[in-house]
Every structure is written in C-alpha cells, then in structure tokens.
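Asks: Its first residue numbered 563, the sequence shown is counted upward by one per residue in this note's numbering.
Please keep in mind that the hints were generated in silico from the structure rather than gathered at the bench.
Do not take every clue at face value.
Distance windows between CB atoms, simulated [unchecked claim]:
{"hint": "1", "residue 1": "610", "residue 2": "631", "range": "18 to 24 Å"}
{"hint": "2", "residue 1": "609", "residue 2": "692", "range": "38 to 44 Å"}
{"hint": "3", "residue 1": "681", "residue 2": "619", "range": "28 to 34 Å"}
{"hint": "4", "residue 1": "701", "residue 2": "732", "range": "14 to 20 Å"}
Derived PhoX-like pairs: lysine-lysine, alpha-carbon spacing no greater than 20 Å straight-line [unchecked claim]:
{"hint": "5", "residue 1": "692", "residue 2": "747"}
{"hint": "6", "residue 1": "617", "residue 2": "692"}
{"hint": "7", "residue 1": "747", "residue 2": "669"}
No residue lacks a Cβ here, since even glycine has one placed at the ideal position from N, Cα and C.
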Amino acid sequence: MSTNEERFRLTSEKMRPLLALAREALGDGSPLMAGEGAHYPAQLAKKHENIVGVKLTCESVAKITRLAAEFPPERFAVFGEQSDFLIGGLAVGSAGCIAAFANVFPKTVVEVYNLYKAGKTQEALELHRKAALAEQALKSGGIAATKYAASVFTAPLAGVEDAENRMVPRRPYLPPGEEAKRKIKEALAEVAEIEKGIVR
Numbered sequence: 563m564s565t566n567e568e569r570f571r572l573t574s575e576k577m578r579p580l581l582a583l584a585r586e587a588l589g590d591g592s593p594l595m596a597g598e599g600a601h602y603p604a605q606l607a608k609k610h611e612n613i614v615g616v617k618l619t620c621e622s623v624a625k626i627t628r629l630a631a632e633f634p635p636e637r638f639a640v641f642g643e644q645s646d647f648l649i650g651g652l653a654v655g656s657a658g659c660i661a662a663f664a665n666v667f668p669k670t671v672v673e674v675y676n677l678y679k680a681g682k683t684q685e686a687l688e689l690h691r692k693a694a695l696a697e698q699a700l701k702s703g704g705i706a707a708t709k710y711a712a713s714v715f716t717a718p719l720a721g722v723e724d725a726e727n728r729m730v731p732r733r734p735y736l737p738p739g740e741e742a743k744r745k746i747k748e749a750l751a752e753v754a755e756i757e758k759g760i761v762r
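Using the sequences and the accompanying hints, generate a full structural model.
Replies: Written out as structure tokens, the structure reads:
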C-alpha cells in the first residue's frame, strides 16, 4: 500500500479510497493486507521456523510485550522501529531497536542500550530522555529531517563530503527548508555534544 513513512501521514478517511483502489486492482481472488495485529507475526513464526524476528513500526510497547511472551528470546527477536521507546521495549522483552535515529546519533542509542543492560537504569533513563526529545524533533519532518540531521551530525564524522547535497531525500520528499534546518540543529545540539563525548 505505502511505505511506513507515507502511511503515518494518512488519516483513516484518506486510507479508505486507497484500500478500495487496491482491492479493485487486485481483484477478489488476491489477499490484501492493510496492517496486522501482534498475532500475525507470532502465527507466522510458529508456522515457519526460519522466521526469527520482527521489527515493529507501530510504537506499541504492548505489542512488544505480547510477542516477547510468545517465544523465548533465543527463538524470536522483537525490535522496535524507533529508539524513543527503547527502554520501554527492553523492559518487556525486546531485543533492541532498528531505528532511523541511530543513523544520526549511533553511539547515543547504543549507550542507552548498554547502560540499561548493565543495570544502570537511572543513567540510561537520563540519556534516553534527552535522546527521545531530540528524536521527537525529527518526527514531524519524517525521512527528510532525519536524512538532513544525519548529513549534519554523522556524515562528516564518517568522512562523507558534501553530505547535505548527497543525502537529499528521494522524490516525492522535499528537503527541509532553512527554518526547519535551524530548528533541527537547535533541537539536536545537546545530544550532538553528548555523542561527541561517548568514547567506544
């Protein structure tokens, strides 16, 4: 139907005609999936041993809890899509997260994970809260904001030259405007300093 990036921008009212169009194009004999509950990945994993994990894009710690309850962690790994609920997910059995924000501040996300796993819950929470506020600043701008932030904060450290021009989002997305860029830099400044101070 759409990518995850596009889906969050659609209301249920806007989604209905798309579903109707997809049904018409597929015909009655073809299955059509438009979202699925926590039971679906669990059913598939029980049926097929080679399915060993899932990345949830729903931001639901409750769904992580239910899936983690279905399988031992060595059999099936549950990952969240975003790092701003990493600790919540870890607390109920997730294996971690596969997050776009980790492309912006990878050491910070790993540090939250490592601190939590080491039992340093308060330190993990303090860092996690700062990172979550920074991540929130990127969400309204979607992939374009995240790519811009990565071009500013991560790419130069990786030796990528002219990163802002090389990392523009693909069409139909537009790069953020100058005011949005300013707000992104401002919102992420504190975590950028934290990231620089994390030594691995």
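Asks: Do the Cβ positions of residue 701 and residue 732 conform to the proposed distance bound of 14 to 20 Å?
Replies: The hint (14 to 20 Å, Cβ to Cβ) holds, given that residue 701 and residue 732 are roughly 19 Å apart.
Asks: Straight-line Cα separation of residue 617 and residue 692 no greater than 20 Å?
Replies: Cα-Cα ~24 Å, so violated.
Asks: CA of residue 747 to CA of residue 669, is that 20 Å or under?
Replies: holds, 18 Å
Asks: Does 38 to 44 Å hold as the CB distance between residue 609 and residue 692, or does it fail?
Replies: 42 Å Cβ-Cβ, so the 38 to 44 Å window holds.
Asks: For the range 18 to 24 Å, tell me whether the beta carbons of residue 610 and residue 631 fit it or not.
Replies: holds, 19 Å
Asks: Measuring from beta carbon to beta carbon, are residue 681 and residue 619 in 28 to 34 Å?
Replies: With a Cβ separation near 29 Å, residue 681 and residue 619 satisfy 28 to 34 Å, so the hint holds.
Asks: Are residue 692 and residue 747 close enough, with their CA atoms no more than 20 Å apart?
Replies: holds, 14 Å
Of the numbered hints stated above, the single one contradicted by the structure is hint 6.
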